[in-house]
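A.B. asks: Let chain C serve as the given structure and place chains L and D on it in line with the hints.
The chain contents come next:
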Amino acid sequence: MNWSRKHLLDIQSLSAEEIQLVLDTAKAFKAVGERAIKKVPALRGKTVVNLFVEPSTRTRISFELAAHRLTADVVNFSVESSSLKKGETLRDTARNLEALNADMIVIRHSAAGAPHFLSRVVNVSVINAGDGSHEHPTQALLDAFTIREKKGRIEGLNVTILGDILFSRVARSNIWALLKLGARVTLCGPSTLVPRTFEQMGCTVTHNVDRAIEDADIINLLRIQHERQRKTMFPNIGEYTNLYSLNKTRFARIKPDALIMHPGPINRGVEIDSEIADCGRSVILDQVTNGLAVRMAVLFLLNGGKGPGELGV
Amino acid sequence: MNWSRKHLLDIQSLSAEEIQLVLDTAKAFKAVGERAIKKVPALRGKTVVNLFVEPSTRTRISFELAAHRLTADVVNFSVESSSLKKGETLRDTARNLEALNADMIVIRHSAAGAPHFLSRVVNVSVINAGDGSHEHPTQALLDAFTIREKKGRIEGLNVTILGDILFSRVARSNIWALLKLGARVTLCGPSTLVPRTFEQMGCTVTHNVDRAIEDADIINLLRIQHERQRKTMFPNIGEYTNLYSLNKTRFARIKPDALIMHPGPINRGVEIDSEIADCGRSVILDQVTNGLAVRMAVLFLLNGGKGPGELGV
Amino acid sequence: MNWSRKHLLDIQSLSAEEIQLVLDTAKAFKAVGERAIKKVPALRGKTVVNLFVEPSTRTRISFELAAHRLTADVVNFSVESSSLKKGETLRDTARNLEALNADMIVIRHSAAGAPHFLSRVVNVSVINAGDGSHEHPTQALLDAFTIREKKGRIEGLNVTILGDILFSRVARSNIWALLKLGARVTLCGPSTLVPRTFEQMGCTVTHNVDRAIEDADIINLLRIQHERQRKTMFPNIGEYTNLYSLNKTRFARIKPDALIMHPGPINRGVEIDSEIADCGRSVILDQVTNGLAVRMAVLFLLNGGKGPGELGV
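If you read the protein sequences in the order shown, they are chains C, L and D. Here this note's numbering is used: the first residue of the first sequence is 51, the next is one more, and so on. Here this note's numbering is used: the first residue of the second sequence is 51, the next is one more, and so on. Here this note's numbering is used: the first residue of the third sequence is 51, the next is one more, and so on.
No lab work stands behind these hints: they were computed from the structure. Wrong hints could be hidden among the right ones.
Remember, identical chains collapse to one label, so a pair may be satisfied in a single copy or spanning two.
Said to hold, decoys possible - Computed cross-link-like contacts, DSSO-like style, restricted to lysine-lysine with a CA-CA straight-line distance of at most 30 Å:
hint : residue 1 : residue 2
1    : K356      : K89
2    : K77       : K298
3    : K56       : K89
One chain only, chain C, in its complex shape (with noise of 0.2 Å):
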């Protein structure tokens, strides 16, 4: 198959198909990063807005760093010194960026469905980078990618995601991904935090930490983000990561080859053990440097890129 779609609005919309074609580019993007010279010519002359509405250092820098390596120009448009803030809509700053001539526009904002409106409102390549706790399909992308290459298969394998899931934007772009791959997905976490209702999905949901992880071939760890937490929905930071930390005493009683995955950032001793982040079943940086791979796949794609047969690189 061909990619034909303009947009990465999430992966709830995208076939099984689509979601292999990505990971297969971006396996052949990944290539091009280890290599002395990391560019390719594909975006020359292309532009792409980073416009992140909600900070973030990670994911722009991921981008910013993908389009460099296809030879796009870069914009940052930040919400701290933006018009935005002036009471500009937001799509009117959007229109504005297409009236500029971009070409791509990544947009990170704390609203679910923001990129959605985007895609409705201006004629440009729209590509969500996280909206609130919607999707963050870029991320389900390189977790993918990540279990495939290191187990060669998502079919079949059993997925734990572990965290706050509720208001996760990464674990619900992570479930549409591993379901369709068909993979069995089991969500853990505080009852608040992971209700029944995940069920009608097509997952397992438990809120025994123990039972979660015995089974599981990747341990998928989610953020404790203090900064967003609703109060009312979430235990003490102690009481979580006593009930719910991968701990070593957990970390022990895992399958002998389940790998431990983490979209980072990590606190280290809240959600996993410090020794365990850097042991060598967890993949935690793989998915750092799969990013940019997939990333690059996806604005290659976006940008009319076929699949990797017309890559050639």
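C.D. replies: For chains L and D alone, coordinates are given in the frame of chain C:
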């Protein structure tokens, strides 16, 4: 004629021929923005510094993209993290940028005359990107470009500028450009903000909005800048909107081929009705697109380009 | 000799030959800055990350321009919007940048030793752009370059450094570089800020400014950093200016060919008289220009360049 200036400090000191030369050069660059690869190598190896001592996103990004498309390197220098905060004088900051072999400084500053001052203390091309209430020359050039593009001419047109004229650098630069190019300029707004002294420049001054717009070929609405408005001189927003906003009633009475302009960011429902901002006679987004071409032309000419003939794009 | 280090962490551990090699390489790069097209492709496809955990404009821009002129890609990572604020450790931040295939990290940090720490935890070249009160090696290299350029040699010269020596990373790096290159170094300032312990490094310490400057070939004035000054150790500004400023009376008594240096940004009227800062014997702006060449040399050498012979610019 050939371009011979080193700086673009204001419109007041330009001749009509010089303005036309910028517009002709911008026309050639506008075609570049419509190609698949939007870059030309005209400024390869040159360094443009955006020295924004007053916050701005729109203008900064427009200059940044213009420089990218000419293959220049761009460095952003904003006041938030700058040595200006450590008590360095503006002259010393600029001379440091000169010592770093910067080729052009694009300066926005709250003090009128700051760009002129810089041009006397450094041997680098200086571009005024807005100085206090004084001038914003590239805005006037892109407005003139847009009028000429849409109407085929500027001479003899009736242009009405509506809003806070007294404190507006956009108004001041527009008045100079339009009068030099042969338009008739009418200024309208609250009497505290549109004093009769502007008649000495050759404008018509009125405080009656209906009279101001009835014969206008162009209606240029200025942004109501809450953050800068002097309270003693400005009615409240509701009162301003009642008296001076371009609402549907007023819009129904303007000439059928009159065009609506606005330097942005727009306050929907304040100085302009939201639907009018988006209607077919609004050229607000054309202004943004043309701003990129005009700024490419300005960077090109100040770097030693002679005019569109030499450009060959 | 050939360059063989992977990091530039301090001056203390460099040999005189290594320092000379950087200066020789910088001399070749200075010629690049005087050409119409100031770029060379030496670092094409390489990524330089400016990790500025302490605010800076001057040094950040100098490194950014140096990287641009070597055709590297540059990403700015400042503390204001960074994941460090979300509680990520410096080690994790750096390992993430490594995972993103960054080739070099330029770090400024308020903690002495932060660059050394980074160099042990990541497999990426680390450049110290100032760590606490410890070292600022590229500043010392550009100062040495400037002295050698202007005086033809460093060996045997009398260099006086004036100001807050105790808390100055600029002073510490300069002392190491100058002593290694054979200069005689005199330190002067209030006794609380210039303790006798510096004599153990091989410097002369005096609290009498007239004696400190009378035989100096070079007078290097440090910036009085109000924002960092410990109140218990610092006289008030007026008292400092009276006792230690390079004013006209003192300037009249220095050697007729003595040169005035300052790392900038200068406080006119505090540590230096405004006219003296601008006089023909001040090489303050030469330092800025040379800083660019020195930083190009450092980036080039750390990326595997062997020396100026190989450069061929």
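A.B. asks: If a hint holds in the structure, say so; if it does not, say that too.
C.D. replies: These are the hints, each one checked on the structure:
1. K356 <-> K89: both (19 Å within a copy, 24 Å between copies)
2. K77 <-> K298: So K77 and K298 fail the 30 Å test inside a copy (33 Å) and across (55 Å) alike.
3. K56 <-> K89: both (23 Å within a copy, 23 Å between copies)
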